[in-house]
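Protein chains: 2
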Amino acid sequence: MTAEPSTPATPGPHAPAGPAVVGVVGGGQLVRMMLPEAARLTVPLRPLVRDHDEPVARVHPHVVVGGPDDEGLRRLAAACDVLTVEHELVDLDTLRALEDAGHPVRPSAATLGIAVDKVRQREVLGAAGVPVPPWSLVTSMDEVEAFAAEHGWPLVAKAPRGGYDGRGVWFVDGPGQLEEVLTAAPGPLLLEPALAIERELAVLVARRPGGQHVVYPTVETVQVGGICHEVLLPADITPEQDRRAGQLAELVADTVGSVGILAVELFVVDGQVLLNELAARPHNSGHLTIEASVTSQFENHLRAVLDLPLGDPAARVPAAAMVNVLGVGERDPRARLASALAEGCANVHLYDKAPRDGRKLGHVTATGPDRAVAAEQARRAAAALTGPEQETAG
Amino acid sequence: MTAEPSTPATPGPHAPAGPAVVGVVGGGQLVRMMLPEAARLTVPLRPLVRDHDEPVARVHPHVVVGGPDDEGLRRLAAACDVLTVEHELVDLDTLRALEDAGHPVRPSAATLGIAVDKVRQREVLGAAGVPVPPWSLVTSMDEVEAFAAEHGWPLVAKAPRGGYDGRGVWFVDGPGQLEEVLTAAPGPLLLEPALAIERELAVLVARRPGGQHVVYPTVETVQVGGICHEVLLPADITPEQDRRAGQLAELVADTVGSVGILAVELFVVDGQVLLNELAARPHNSGHLTIEASVTSQFENHLRAVLDLPLGDPAARVPAAAMVNVLGVGERDPRARLASALAEGCANVHLYDKAPRDGRKLGHVTATGPDRAVAAEQARRAAAALTGPEQETAG
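Chains as they are written, first to last, in this note's numbering: chain D, 1 to 394; chain H, 1 to 394.
No lab work stands behind these hints: they were computed from the structure. Quantities reported herein were computed from a predicted structural model and do not represent experimental measurements. Built from N, CA and C at the ideal position, the CB exists for glycine as well. Hints should not be assumed to be uniformly reliable.
To be verified - Here are the simulated distance ranges between beta carbons:
#1 H:257 - D:234: 39 to 47 Å
#2 H:210 - D:356: 48 to 56 Å
#3 H:210 - D:388: 45 to 53 Å
#4 D:357 - H:123: 56 to 64 Å
#5 D:388 - H:239: 39 to 47 Å
#6 D:51 - H:70: 55 to 63 Å
#7 D:239 - H:373: 24 to 32 Å
#8 D:358 - H:210: 33 to 41 Å
#9 D:357 - H:210: 46 to 54 Å
#10 H:354 - D:126: 49 to 57 Å
#11 D:239 - H:234: 50 to 58 Å
#12 H:81 - D:154: 25 to 33 Å
#13 H:272 - D:356: 43 to 51 Å
#14 D:226 - H:257: 33 to 41 Å
Said to hold, decoys possible - Derived pair list, reagent style SDA-like, types lysine to any residue, alpha-carbon separation capped at 20 Å:
#15 D:360 - H:360
#16 D:360 - H:17
#17 H:158 - D:18
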């Protein structure tokens, strides 16, 4: 806890005639990475944090304290001109009420309502012509057996809402395992076949309220147990798959009416590009845009929610790689900085979070002429941050 | 003024086992541009600001209030583990006393003592074998006439201390003008011939306390009336001049024993590379390293003063250009953001300063395969920020 009081909506007498005040639901690494871009553009940022120990509150003087509930969201709205989010676990009824009262919410409650609901995603986007994997919403073993009869085992069961980083997703080999999941997870389950995934891709779209948008280069994501470990640019796909991925991302953004960054995660299965899921906010798959793109996802998110002209999403480097720094026990990357920096060519980003096993504590990006070389540089620095070496603060 | 109290040296109970606390004398754009790098590396930064309206205080929760005088410097030292500067107009006696008491000051008072004194620069560096233009320290018109007899008119007269951005420098055509300067400016004057400058260059060196250092690619600076207007990468020089510029910068850094970033400004005269002057801190000529280098000057300054391994200074792009946004009357770049962003490919950096004629209010950087194209992009966006168009906030 720091000693600063939160000071929402108190722009002093020298407040510039600049951009409007942006309130952001959340105080984690995503809004922390918005700070430099906000400062460069003199965008006043007001994150909504649960307490002063969240990553953004350590380095930003103006925060609003509260949760993403009715009380917190109304407090945030009173402190900003435009409200946006760094995560989707938000009280959507309050956001709708704020919109009805004329407060800009970007992305809208309607877009967020689709982003948080995997079943609605498949319904809405499937109807719009976006190819989605076969799926069924089941509540009974009879329905499971019917789906398995068509698609075979193994299957993937997903909680329709609230899952992330591998939580709320179960790979099941047969009816016994699935019955356990149905018993443990209350409510209906989304079933999909266990696809033979050749590649996982992500495409970011930055979109303004009027629909003007820019599409980032397709990246390849490497997931382990549902958690993103690496992101690689360029994706190792055919030009036709690349074109298709961008086209689908645009179609998804238009269909859900996103404003700000929309991250569209895709599968390549049997050579075809299918929708996996989406996130209506800056996304882990876009962290490498800080170094690799002319305009980072964080800058374009702010530009889009402020309805300012969007920046060029093109890569300024031939290749880049981002490797997440995932917690290993109690090891603290902040105490291992020197050994990571000694690795040389990589850019270390730490989120200043207390270490915990599996937690995203930071990431490392490297750029260069060759994707494999960049990935190796980023991996070495990331490994040094959670490695077994002795802790020595710089 | 904002409502936050300054909270030096109060790292809460969750303070990480990370890098040491860095105190920085100054609250302007240079320390503001250190903030993102400090956040990424979890370096606790404590700028010394005169008031809460300085550019850094608007976006950073932890500042120490005071001037660069004995009282302020001691207050800053008490709040940090390592003390550094964003400008050289500092009470050097206090810095020496702090050093004597065992407090790390990086760069040292000795290095800063050379950086602030153009005569000592020429003495110390000339003696070390760095080629400097012909010079003389004069107090009387007899001495002026003697120097003019050897080098001819016109001459350049410089105040030995305190000049920057064209202040404290006079181009004089003959004895009458020089007599006016001698009368107006008390104390001795540094005289130099008016050189036929072919190019102005700058080379940044980042150097650790033990002498380990990295050298940034040579850039070309475009000065108008002693004020930097543009910085271009690569410099339009021969490979031999490039090699020589880097070699001289290393020699200067070793000779003055710099720690942190040292900016070495050079002239090309008659094909030869000569020392112009130096700055022992991050420098305007290095702003393009944010986008163009693997490691920015701001990150390597922090790494160096913390004695952490230095990052790669190499360019990750073939070419880059930085154009300063200089105040034009009362026009406020913050209110012209939308038209600048509409220019597309450039990265806009605003310092959130009140507009004033000629004041550095921001800069714009563009990168790409071609230096001329990047310069044109950056110029267009910079011009839009101070152009005559109607003010419309985003």
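Each hint, compared with the structure:
Remark: the range hint 39 to 47 Å for residue 257 of chain H to residue 234 of chain D is upheld by a beta-carbon distance near 45 Å. For the pair residue 210 of chain H and residue 356 of chain D, the supplied restraint of 48 to 56 Å is violated, since their beta-carbon distance comes to about 36 Å. Distance hint check: the CB atoms of residue 210 of chain H and residue 388 of chain D are about 27 Å apart, inconsistent with the given range 45 to 53 Å. A hinted range of 56 to 64 Å holds for the C-beta pair residue 357 of chain D and residue 123 of chain H, which are about 60 Å apart.
At roughly 45 Å, the beta-carbon separation of residue 388 of chain D and residue 239 of chain H lies within the given 39 to 47 Å, and the hint holds. Hint check: residue 51 of chain D to residue 70 of chain H, Cβ distance near 38 Å, so the stated range 55 to 63 Å is violated. Judged by the Cβ atoms, the range 24 to 32 Å given for residue 239 of chain D and residue 373 of chain H holds: they are separated by roughly 26 Å. At about 38 Å, the CB distance of residue 358 of chain D to residue 210 of chain H agrees with the hint of 33 to 41 Å.
Between residue 357 of chain D and residue 210 of chain H the Cβ separation comes to about 37 Å, which falls outside the hinted range of 46 to 54 Å. Taken as a hint, the range 49 to 57 Å holds for the pair residue 354 of chain H and residue 126 of chain D, whose Cβ atoms sit roughly 54 Å apart. Taken as a hint, the range 50 to 58 Å is violated for the pair residue 239 of chain D and residue 234 of chain H, whose Cβ atoms sit roughly 32 Å apart. Our hint of 25 to 33 Å for residue 81 of chain H and residue 154 of chain D is violated, since their Cβ atoms are close to 55 Å apart.
Remark: the range hint 43 to 51 Å for residue 272 of chain H to residue 356 of chain D is contradicted by a beta-carbon distance near 59 Å. Between residue 226 of chain D and residue 257 of chain H the Cβ separation comes to about 53 Å, which falls outside the hinted range of 33 to 41 Å. Proximity of residue 360 of chain D to residue 360 of chain H is assessed by CA-CA distance (about 39 Å); at most 20 Å being required, the pair is judged violated. A C-alpha spacing of about 18 Å is found between residue 360 of chain D and residue 17 of chain H, which places the hinted pair at or below 20 Å, so the restraint holds.
Restraint check: the Cα-Cα separation between residue 158 of chain H and residue 18 of chain D comes to about 39 Å, which exceeds 20 Å; the hinted pair is violated.
The earlier numbered hints that this structure contradicts are 2, 3, 6, 9, 11, 12, 13, 14, 15 and 17.
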